[in-house]
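**Student:** Spelled out, the chains give:
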Amino acid sequence: MTTLPTKQNKKLGLVIDLDICVGCHACAVNCKEWNTSGHSSPLHDIDPYGDDPTGVWFNRIHTFEVENEINGSKTVHFPKSCLHCSDAPCVTVCPTGASYKREEDGIVLVNPDTCIGCKLCSWSCPYGAREYDEEAGIMKKCTLCVDKIYNENIPEADRVPACVSTCPAGARSFGDLGDENSEIFKLVEERNGYDLMPEQDCAPTNKYLPPREKNNQFSSNKLESITEHNEVTFDSWKEIIENASK
Amino acid sequence: MHPSKSIIFFTVFTGTGYGILLCLSYLAFVTNINFDNNFKLFLMITSFVFICSGLLSSTLHLGHPERAWRSFSQWKSSWLSREGLAAVVTFLPLMIFYLFWYLDNIFYIYFLHSTSILCLTTIYCTGQMYATLKTIPAWNNKLVTPIYTINSICMGALTVYCFTRFYEFEINYLYHFTILSLSLCLFMKVIYWYIISKKIISTANSATGLGRNNNISLFEGPHTGKNFLTTEMINKIKKEKANFLRLCFVILTCILPIYMIVQEASLIIDSVILKLSFFLVLIFALIGMLIERYLFFIQAKHVVSLYYGEKKV
Amino acid sequence: MNPFKNQTENVKTSPKVSDEVKQTTCYMCACRCGIDVHLLDNQIRYIEGNKNHPTNKGVLCAKGSAGIMQQNSPAKLTKPLLRTGERGKGEFIEIEWSEAMEIATTWLSEIRNTDPKKLAFFTGRDQSQSLTGWWANQFGTCNFAAHGGFCSVNMAAAGLYTIGGSFWEFGEVDWDHTKYFILFGCAEDHDSNPIKMGLGKLKSKKDSKFVSVNPIKTGYSAIADEWIGIRPGTDGLFVHSLIYELLKSNKVDWDYLKRYTNSNWLVYNNPGKENHGLFARDKNNLPLVFCNTKRTITSANDKNVNSAFFGTYKYNEIDVIPSFELLSKEYLDTKYKPENISNSIDISADVIKRIAAEIAETAFEKEIEIKIDWEDFDGKKHSSFKGRPISMHAMRGISAHSNGFSTCKLIHILQTLLGSIDVPGGFRYKAPYPKHVVPGPKPAGKNIKANTPIGGMPLGFPTSPDDLLTDENENPIRIDKAYSWENPLSAHGLMHMVINNAWKGDPYKIEVLFMYMANMAWNSSMNTEETIKKLTDIDEKTGEYKIPKIIYSDAYYSETVPYADLILPDTTFLERWDCISLLDRPISSADSAADAIRQPILEPSRDVRPFQDVLIELGARLGLPGFVNDDLTPKYPDGYKDYIVNHERQPGIGPLAGWRGNGDQFGKGNINKNQIQEYIENGCFHNHEFKNNQKYFKFTNKHYLNFAHEMGWIVKNEPIVIQMYSEEMQKFKLAGEGFGNKIPPEHLKERIKKYFNPIPSWYQAFEEKLNANNGNSFELYAVTQRPPHMYHSWGSQNAWLRQITNLNYLYIGEEVATKNNLKNFDWVWLESFSSKIKVQCKIMKGVNKNTVWTWNAIGKRKGAWNLNPNAPESNKGFLLNHLISDVLPKNKNEKHSMSNSDPITGQAAWYDLKVKLYKCNKNEIDGNIYPNFETIKNKSRNNSNLNVYGNQFRKEYSENSISEIQEFIGNSRNIK
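Chains as they are written, first to last, in our numbering: chain G, 1 to 246; chain H, 1 to 313; chain X, 1 to 976.
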């Protein structure tokens, strides 16, 4: 249904930990690898060895420099894929019903058989989560690996989105964000997970965990010399050490 | 936003076609529009060609135009679906209107007015499709739908007016209607430009959530080259060029036609030159309108550009 | 058909993923993760990390995830090639393998029958050095090395000459227990997935801190809790200053020093004599200490002696001093006070002091304990492993400087002072390390004879000048001048000097240059343009090329291919057998000894052969001992697979350690014909987990050392003593002073004296110093960083990876930008003492104020890697290599030009580069970089303009299409 489901049994989504993402692009490439042969296959690459290659990606890594006067600059790697919003505007704008949100788990999908390729959904998405495949003439997007997370042909432990299972730093978690007892929900609570662009009123399911602000765990910010004099001389130092050891 | 040629062509030409009908509808209220058959035919063909070519052109930007019929299903929620539906339904009274009008059947008037209502509905749906996109502050604006409407009306009126010059006959009230609609178009556009220059919906800070007061700059994007998002949503135009194009629109679509209409008597002596001049005025006005639509897209920033280096949108 | 009906999708959530899952080892970089390759219809459907694999535990990086596109690369070589046109023109004819093998055999046998060292055999990103080195040995040439000389040798040597193990991938942080981690000069590199996993773990702990010391804040540094934006090449000074702070406040683990290091060993203080600075030894040649209790000199072996750290004593009438007194005296010099070095390293004194305080607090007040009974080598029983949870790791940022060896040694000394080597929470050895300092054997190749093996492996570890490979006139024996007085401890050879030396005929001319997988005509060479000239230079007298014959093996059409005479096309990593061996660079962790294999997943679709198979066949054709049976039939007729199972380096020890004997023996045992099958069934790796009481303090851990000795990893079953004070270095220094059997040539004496020190200290990098001497001002440092998704030059042929990065900018700091009035994307000139390049710049914040940088190896030559000549890689992407000279600027009065390398190890000093930057004039901007080389001709270039990979698996989903409307217009996916 192109209108949003009235209820959601589950809110499956991702939690991305900006504190430990090293920006290695593993999630983006593994996503492409799974999905180019998956539900929305193929994810075409146009001019792959030429002057201006471009292709369909469901997940991308941006890197920002965040600066303030007190802490100076910080580099933050920022992966971004579909946030599977509860109030997904990409669903309601779709004229054909190809873009829809599943009632059973909240995953937003595009039906490749009915999409007319009008791109309106991509205009309506604030996050740039939609990927028009020029060659196929249809809109594609992150499926939350719907063909992996329920896939009975693979071991149960592997039934998580490709970006999650491949992430070397463990910066990505997957689960039911609608379940207050889930690990992932608690993680978001504990780490003050937040929404991107809340002012866009999309109620995104995916959450981001901010870089941690580490408190100073140390009791002093310099070491005291064992010699009384400010200037250490080797001989005075040696004498004190030798005396101490006796 | 990417200025898709097919969509620009669609809004300008279908809009003008609808405008002709809206103009006729207005004239039918205030005066008699039982014109000479040739003139009727001329208006009918023009409006029909404009409407159809625009609509056909709009399907060209679809990845799967052959599936366009599917877009009727979601009228409950999608403005694009409603637009498609309204555009198709419009043809029903339109064709009857053409027939009755040509045959001088007096019932044409009902079909003309119902066509006009459907044209307005279609234009409204089109406008709303843009105006409800919160992701594009320049479009998410109360003036967008009225501008679509006035663009259509003033271009329709101007077209009819120019045709009256070719045919060298007068229609009451058309003179004022045309000048008024052109002036209103200009006025609304200027206000619109002012509003969009001030409006900000989202910032890089809200887009990334990395501190409300921090200075956030993009160090590296996800690709060194282009991607769908950068080609579709992130198009930039230099301010000087945009201002020049705005001026072109103002002159070509508003000032020049009004000037010609008002000063016609003092400017044109020869009837051939008169016809040629108004033909050119119409062409220029259409070009101006194409420019205006081009700017409507190219100057509209999408919030996704906040992930590609823009600080606020 | 009802157009108003809402058509729902019937999503197929359980499509078939694979007919078969085959496991093998990734080769998209040097990390060597285990991968599960899903095959559907004999094609790769999906590659993912192997959950059971000790290296990556199921994760996989961007490179590994793009393996499909590497297999799909248009640059794959397809058939043996023989050069027909001039070198560099890319004119080849395709030949059959039989002909190629005959040509190679003829060329090589001629040399072997006369003077085998006329073969220079150098391999690049080779993961089979145990085979290639042994092949060179059997051939009889000393001229062998892999690419370590321009990569990692400073780290390997500094570690092995100090602690018996090293950074890089040979050791790891105790991620589970560490509380404070300092990462020096590391962008994405070897061990990359384990480091990423570790950082994720570390950062998720509440009481932990991660400090990154790096001029650039990207990659790992981005998530550091504190970034120390140090000036390139000055890390050693920073470490000096930390040591100064720790010493002056007595934050030293005295017990650790006493038990596990040579701090108490007595050193002769006998200036001007041949034993000055050497350890005083008893008649059994054992080192001595002074017992504070008995007030006598006694053997260092007795750990229960209250041995002295300070004082001057007499032994055989000569003054002897505990080495720690010498070391602490050196390190307490006030020149290392934070205030005195702050300006040289761009870090404030307060920060240095604070870091030192934090380190000390972590080490000495947050001690951790793991309750396990264990026994040290002296028989002392312990009920727990006590650890100081401060850990360090260092990579290329330390290594690629002319002071890298010393800097790395300083880091090891800092770790040792803190007592944090191989303890819980510290830095840990991976098997087969630790080894005794210095590990044997010595480099072989002193006597080169026709048709005779050199009698050992070409690479080894000299412990004194006697082990150098120099002739009676002290001239180098090797073509790369490894193990000569120019760089005596060049344990990995100097691949970066081979082309230059062979071209010059210095020390002699060679006949055949045989290379494997090394892009020497591009990003693996310093001064690329000159290197290319040397490859094509013709000897006027003979009319032949100065390097007469070049054989090259690679899987892809790299920039080097056109410069070879004979191309032996290799397979991809998914089409071959391989062996990641404990004899070479295994995949062990600190908790286990592990090795791995690769198995062919796909049949090659081209006429290519795995290089190792080819090498083994060449060995047999040449009749090399070890490659043929007594009757001269090939010993390994089934190629590398055969060799992996049936080769024995020593009785019972072969390339693979797992499932030996009857399949029940690890490490040592008879040949097991079923061994490879066992590996395959276990996911292509073998992991021997150590017992809990073997896991820490391996240098003294009795149960570990017994086991390591049994396995043949260590030669003597004795504890390994950390060599804070290096007697080996002193022996070279003494030679510089004129003592010993071998004395350096006159022009190198000062250099040896100056840089060989038993106690390492920092010195200024050479290029900077020589520039200053010559009165030139190149005020900026220029370095590269590894993009995490690219491995050297390989990534650009990969349709997915190159979409992420296909061009690079010169990143500059805001200060540099303001000073030169630069905006983003402005074109600038970057000039070093030897060359200049024109590139586009971008401004960033997280960079040291005196440093400019770019991503490594993105720039490609036009037409290489089968990319379109107008590809961004070739027109916007650039290398810094053009600016880096292979030889140093000469001092005004100097006759000899020295290589741009570390004086001790010969490590290429890539990051010593100093530059000046200025804005391009308007008329110089043409939208292209400079230098821009001519296009490589390549007839095989025929690229598709569309990648539809995955379409072949569409059918797994097709049945979910709605049959009711299937026929109706607009529902076929093929309609466009």
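Rather than coming from a laboratory, the hints here were simulated on the basis of the structure.
One or more hints might be untrue.
[To be verified] DSSO-like cross-link-like pairs, simulated, lysine-lysine; straight-line CA separation at most 30 Å:
no., chain 1, residue 1, chain 2, residue 2
1, X, Lys-876, X, Lys-749
2, X, Lys-635, X, Lys-79
3, G, Lys-186, X, Lys-206
4, X, Lys-702, X, Lys-381
5, H, Lys-312, H, Lys-239
6, X, Lys-386, X, Lys-206
7, X, Lys-823, H, Lys-239
8, G, Lys-7, H, Lys-134
9, X, Lys-283, X, Lys-258
10, X, Lys-754, X, Lys-442
11, H, Lys-134, G, Lys-11
12, X, Lys-842, H, Lys-236
13, X, Lys-876, H, Lys-236
14, X, Lys-691, X, Lys-314
15, X, Lys-504, X, Lys-449
16, X, Lys-509, X, Lys-742
17, X, Lys-819, H, Lys-236
18, G, Lys-11, X, Lys-205
19, X, Lys-258, H, Lys-134
20, X, Lys-329, G, Lys-246
[Stated by the list, open to error] Chain H is nowhere near these chain G residues, computed Cβ spacing over 10 Å in every case:
no., residue
21, Ser-86
22, Lys-119
23, Glu-189
24, Asn-215
25, Asn-243
Even for Gly, the Cβ is constructed at its ideal location relative to N, Cα and C.
**Student:** With reference to the structure, classify each hint as holding or not holding.
**Tutor:** Evaluation of the provided hints:
A C-alpha spacing of about 45 Å is found between Lys-876(X) and Lys-749(X), which places the hinted pair above 30 Å, so the restraint is violated. With a C-alpha separation of about 26 Å, the suggested pairing of Lys-635(X) with Lys-79(X) holds against the 30 Å cut-off. With a C-alpha separation of about 17 Å, the suggested pairing of Lys-186(G) with Lys-206(X) holds against the 30 Å cut-off. For the suggested pair Lys-702(X) and Lys-381(X), the alpha carbons sit about 10 Å apart, so the restraint of at most 30 Å is met.
This hinted pair checks out: Lys-312(H) and Lys-239(H) have alpha carbons roughly 16 Å apart, not beyond 30 Å. A C-alpha spacing of about 21 Å is found between Lys-386(X) and Lys-206(X), which places the hinted pair at or below 30 Å, so the restraint holds. About 19 Å separates the Cα atoms of Lys-823(X) and Lys-239(H), which keeps this hinted pair within 30 Å; it holds. At roughly 24 Å between alpha-carbon atoms, Lys-7(G) and Lys-134(H) fall within 30 Å of each other, so this suggested pair holds.
Proposed proximity of Lys-283(X) and Lys-258(X) is supported: the alpha carbons are some 22 Å apart, at most 30 Å. The straight-line distance between the Cα atoms of Lys-754(X) and Lys-442(X) is roughly 24 Å, inside the 30 Å bound, and the hint therefore holds. Only pairs whose Cα atoms come within 30 Å are accepted, and Lys-134(H) paired with Lys-11(G) is accepted, the gap being roughly 24 Å. A distance of roughly 19 Å separates the Cα atoms of Lys-842(X) and Lys-236(H); the hinted pair therefore holds under the 30 Å criterion.
Distance restraint check for Lys-876(X) and Lys-236(H): the Cα-Cα separation of roughly 22 Å lies within the 30 Å cut-off, and the hinted pair is therefore satisfied. With a C-alpha separation of about 45 Å, the suggested pair Lys-691(X) and Lys-314(X) falls outside the 30 Å cut-off, and the hint is violated. For the hint pairing Lys-504(X) with Lys-449(X), the CA-to-CA distance comes to about 23 Å; that is within 30 Å, so the pair holds. For the suggested pair Lys-509(X) and Lys-742(X), the alpha carbons sit about 25 Å apart, so the restraint of at most 30 Å is met.
Annotation: proposed proximity of Lys-819(X) to Lys-236(H) holds, straight-line Cα distance about 29 Å (limit 30 Å). This hinted pair checks out: Lys-11(G) and Lys-205(X) have alpha carbons roughly 28 Å apart, not beyond 30 Å. At roughly 70 Å between alpha-carbon atoms, Lys-258(X) and Lys-134(H) are farther apart than 30 Å, so this suggested pair is violated. Proposed proximity of Lys-329(X) and Lys-246(G) is supported: the alpha carbons are some 20 Å apart, at most 30 Å.
Here Ser-86(G) stays apart from chain H, with its beta-carbon at least about 15 Å from theirs, past the 10 Å limit. For Lys-119(G), the condition that its CB be more than 10 Å from all CB atoms of chain H is violated, with the nearest at approximately 7 Å. In this structure Glu-189(G) is separated from chain H by more than 10 Å, as the shortest Cβ-Cβ distance comes to about 16 Å. For Asn-215(G), the non-interface assignment is confirmed: its Cβ lies about 18 Å from the closest Cβ of chain H, beyond the 10 Å cut-off.
Every CB of chain H is more than 10 Å from the CB of Asn-243(G) (nearest about 53 Å), matching its label as outside the interface.
Consistency with the previously given hints fails for numbers 1, 14, 19, 22, ordered from lowest to highest.
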